[in-house]
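Asker: Please work from the sequences and hints to get the whole structure.
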Amino acid sequence: MAAPKAELLPGTLDLLILKAVSLGPLHGYGVLLRIQQISAGALLIEQGALYPALYRLQEQNLLATEWGTSENNRRAKYYRLTRQGEKRLRDETQSWNRLVAAMSAVLGSRPEEA
Amino acid sequence: MSLASVLDRLLRRARLDHDMDEEMRSHMAERAADLQRAGLQPDEAQRRARVEFGGVENYKEQCREARPFHFLHGFLDDLRFGWRMLCRAPGVSLLALLCLTIGIGANAAVWSWIEGILLRPFPAVAHQERMMAVSGTYRGAAGAAGDSIDVSWPDFRDLRKSCTLFDAFIADKIMGTTLGIGDRAQRATGSIVSANYFDALGVRPILGRGFQPDEEVGRNAHPVTVISYRLWQERFHGDPAIIGKTQRLNGLPHTIVGVAPPGFNGTFVGWAMQFWVPVSMQEAFDATGYQLEDRNSRWIEGFVMLKPGVTPQQAQSQISAAAARLEAAYPATNRGRGIKLFPLWQTPFNDAGTLLPTLGIALAVVVFVLLIACANVSHLLLSRGVARRHEMTVRLAVGAKRGRLLRQLLTEALVLSTLAVAAGLLFGYWCRNLLVLLLPSRGGRAMNLPGELDWRVLTLSAVLCLLATALFGVVPAIQASRVDLAGAIKAESASVVGGRRRGLTRWSLVLVQVALSFALLVGAALLLLSLRNMQNMSPGFSTRQVLVTWLDLKSAGYDQQRVNDFEDQLLDRLQTVPGVVSASFAEFAPFAYVTNATAPVAIEGFDNAAGELPTLNYNQVGPGYFATMGIPLLSGREFTKADNEAGPPVAIVNQSMAAQYWRGRDPVGSRFQFNGRWLRVVGVAKDSKYSSLNEPPTPFFYVPLRQNTGGTILNIRTSLPPQSIALTLAREVHALDENITPGEVITMGEQVARTMAPQHVALMLLTVFSILALLLAAVGMYGVMSYTVSQSRRELGLRMALGAGPRDLLRLVLSHGLALTAAGVALGAALTLGSSRLLGYLLYQVSPRDPLAFLSALTIMTVAALAACFVPAVRAARTDPVRALRS
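These protein sequence lines map, in sequence, to chains E and S. Take the first sequence: its letters are residues 1 to 114, numbered as in this note's numbering. Take the second sequence: its letters are residues 1 to 887, numbered as in this note's numbering.
There could be a bad hint or two in this list.
With a cut-off of at most 30 Å between alpha-carbon atoms, the simulated DSS-like pairs for lysine-lysine come out as follows [said to hold, decoys possible]: (1) S/Lys60 / E/Lys87; (2) S/Lys245 / S/Lys161; (3) S/Lys60 / E/Lys19.
No lab work stands behind these hints, which were simulated from the structure alone.
Answerer: Quick look at the structure:
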């Protein structure tokens with residue numbers, strides 16, 4: 001393993017999936033590839049762990065599914081974002097950014113500023 | 001989410017699972033294809049794809065949990081799987097099911113009895129929860145069961161007028177009477193009731209009407225009757241035009257004004273009433289004469305209906321205040337008298353009171369049996385848990401959580417106990433009317449002791465099911481799911497001496513079983529001793545060679561003179577029958593429902609400190625009564641034919657009355673006043689028992705039939721069996737009058753035995769269930785012993801190799817069995833001593849700590865334990881050290 005990899009924070013997998021799917025419908029393996037591609041392989045996801053998250057999001061009506069055919073001509077289930085999913089992605093992204101800004105501010109502060 | 005979509009999801013579950021499977025396989029195939037493109041061999045690519053994906057089944061389970069109602073899916077899975085597991089070991093499952101069915105079924109049956117007899121005995125009554133029984137008290141003492149103090153009609157009317165917290169006062173008096181059917185007379189049971197009876201109870205006659213207020217006024221003024229549905233069906237074949245027709249009751253034509261609805265049997269627990277008459281007809285049905293205007297004659301057994309929201313305490317304090325006012329207003333009759341209200345289950349004057357202790361014991365017994373059954377099922381499941389250790393290990397290894405396994409095992413237990421509840425309820429349903437069969441017959445009269453399997457009993461059974469599951473399911477489930485993954489491959493090494501936790505659980509289960517069965521055995525032994533005492537106890541009259549029956553002439557239209565002539569002729573005829581020694585008539589028979597009348601008496605020369613007349617019990621008897629009954633006379637003479645209307649009034653007193661009122665002097669020749677006449681005492685009879693074997697010696701006197709109102713009870717002293725006398729008697733009676741049929745002929749011994757019904761029922765329940773419990777405990781002990789012996793073969797072999805002989809090993813195993821038994825017996829003895837109060841009510845001259853009972857229970861228990869341990873012990877003794885150590 002060349003590049004250092006980061007463990008996912010709890011709860012962030014859902015946000016990653018929503019983001020990945022927002023760029024176009026994907027099947028499960030496709031979601032995995034998309035996340036690795038965007039993060040340049042920096043995020044470590046156990047492949048099977050993707051599915052409970054996909055099912056959870058689907059139950060919350062954030063994702064919709066339909067069966068289709070993959071690039072390799074295999075039957076595969078495709079996930080796409082619903083209207084609610086889009087809204088959730090926006091909200092979650094904003095609150096994530098606020099969190100990151102706040103955390104960076106705290107962690108980047110120097111003694112005299114405190 | 002709507003119900004439809006929930007159902008839809010549940011039904012589509014199989015397809016969703018299939019989709020999930022396909023999706024994951026597709027993922028791995030894509031990944032393998034990518035890996036292959038990156039240069040891996042196909043085999044290696046597929047392996048890597050599977051490894052990278054992780055535990056497929058585990059993720060599938062997580063996906064299922066993401067679905068709503070996944071717990072329901074899990075439950076359904078567990079149910080299905082549980083069912084399959086039960087079917088896989090049908091022997092064990094059936095045995096467990098049988099144990100639980102007996103346990104739960106016995107409970108359901110006893111609860112249905114308690115519900116139907118004690119708690120809600122009158123299902124046809126609109127508001128029985130507001131109903132309470134009324135009884136009189138004397139100097140603070142209320143009547144005990146079978147010995148109640150009734151209320152007089154004038155008092156009853158005054159209470160009704162002055163108490164405001166009550167919707168209704170209901171007078172009710174059960175009576176045996178004769179029903180004229182064509183030319184014949186048939187014995188029937190009816191009630192004398194206040195006119196508000198049907199309205200107050202909320203029971204609407206299906207034909208005609210109930211009674212009207214004016215029908216309780218006037219001496220014998222309203223010969224009207226409401227008949228029961230069953231009488232209407234059986235006697236009148238459901239005649240729709242029955243209203244207005246007449247029916248002879250006790251010889252008097254009554255107009256039928258109503259038919260009670262089906263299911264209404266009156267308000268006397270244990271008996272099904274066939275008709276009701278208003279209070280005004282009291283004199284026609286009561287042998288003791290007209291009592292409606294006498295404040296001193298107490299005969300009413302009544303009920304009250306509380307107004308909604310009134311508590312029993314408020315009602316009691318109001319009625320007590322009213323009774324106190326009556327006491328002040330009528331000191332001559334009411335001094336020391338009060339009124340007490342009872343909840344229905346404590347009703348002092350009907351079978352509720354008599355059966356209360358028996359049902360209490362029955363309840364304790366069935367709870368014990370259920371506990372024993374649960375212990376046994378626990379055993380069975382524990383053994384199966386050992387057999388299933390491999391299964392559990394595999395399931396844990398492929399990623400099942402322990403909690404999930406526990407849930408699965410508990411669901412299996414729940415399946416088992418649900419089946420048992422269903423079977424048990426069926427069993428209870430069959431047994432709900434069993435109590436009537438356990439009780440002795442009452443001369444063919446309609447008994448009514450139904451169990452009620454209503455929603456309360458059903459709810460209780462459901463709760464019991466959960467409780468039983470918890471009791472027998474939890475321990476084995478925890479044990480079975482507590483599989484040590486690393487240790488599971490190692491052989492378990494329990495031993496006779498060393499006990500690991502698993503061993504301990506088994507041993508304590510057996511301990512509980514031994515303790516409970518010992519307690520039941522002691523109970524059965526105590527009751528057996530008590531019954532033996534009762535049977536050996538002489539009631540003071542002969543029980544073997546004296547028969548009792550009854551003959552009702554008045555309802556056949558006889559007047560007093562014809563009754564006298566008939567009885568004289570019949571006695572003359574009976575004297576000539578070979579085998580008949582003597583015969584005599586009386587008003588009451590001892591140990592019947594009513595055994596005597598009461599009257600105030602003034603005794604000459606007895607100075608009465610209390611200032612009021614003592615009220616004593618008496619019977620009217622014919623010539624030769626004492627010789628016939630076998631009651632010895634201590635002094636004086638017996639009544640003769642000369643003691644009739646023409647002779648001077650006489651009486652015979654018993655020993656206790658002589659001792660109490662003549663203080664050691666021989667009363668023969670003295671006088672006492674009774675019913676306004678002075679009677680001369682001509683004899684003193686030995687004390688005997690009048691209504692129960694438990695009663696203390698009671699002052700009692702006898703007066704001649706011919707100088708009083710007469711009687712219908714016939715006693716015959718003979719060496720012939722009752723059946724042959726019954727035929728002879730019927731022949732002789734028919735020779736005199738074809739239309740008269742004598743009643744059931746039984747020995748006085750049978751008459752006495754019928755009063756021991758509560759003891760008989762309790763003994764039977766205890767015997768049956770203690771044998772059952774003993775068997776279950778023995779099976780349990782056998783199980784744990786053979787298991788231990790088979791698990792400790794290595795140790796046994798070692799002992800043998802080191803010089804122990806087969807005898808030593810035999811002794812080793814047996815002594816462990818005996819130690820276990822001793823511990824269980826000690827626990828059981830403590831339990832028995834703690835709960836002996838329950839049996840105390842039914843015990844007769846036996847201490848609840850009777851050493852003989854404990855000793856015999858101990859012997860039986862020890863023999864059973866030795867028998868149970870013998871086979872495992874022999875197996876231990878036959879251990880082959882070479883093979884045991886090598887294996």
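Asker: Determine for every hint whether it applies to the structure shown.
Answerer: Evaluation of the provided hints:
1. S/Lys60 / E/Lys87: Measuring from Cα to Cα gives roughly 28 Å; hence the hint holds.
2. S/Lys245 / S/Lys161: Not OK: S/Lys245 and S/Lys161 at ~35 Å, beyond 30 Å, violated.
3. S/Lys60 / E/Lys19: Roughly 24 Å separates the two Cα atoms, so the pair holds.
Checked against the numbered hints given earlier, the structure breaks only hint 2 and satisfies all the rest.
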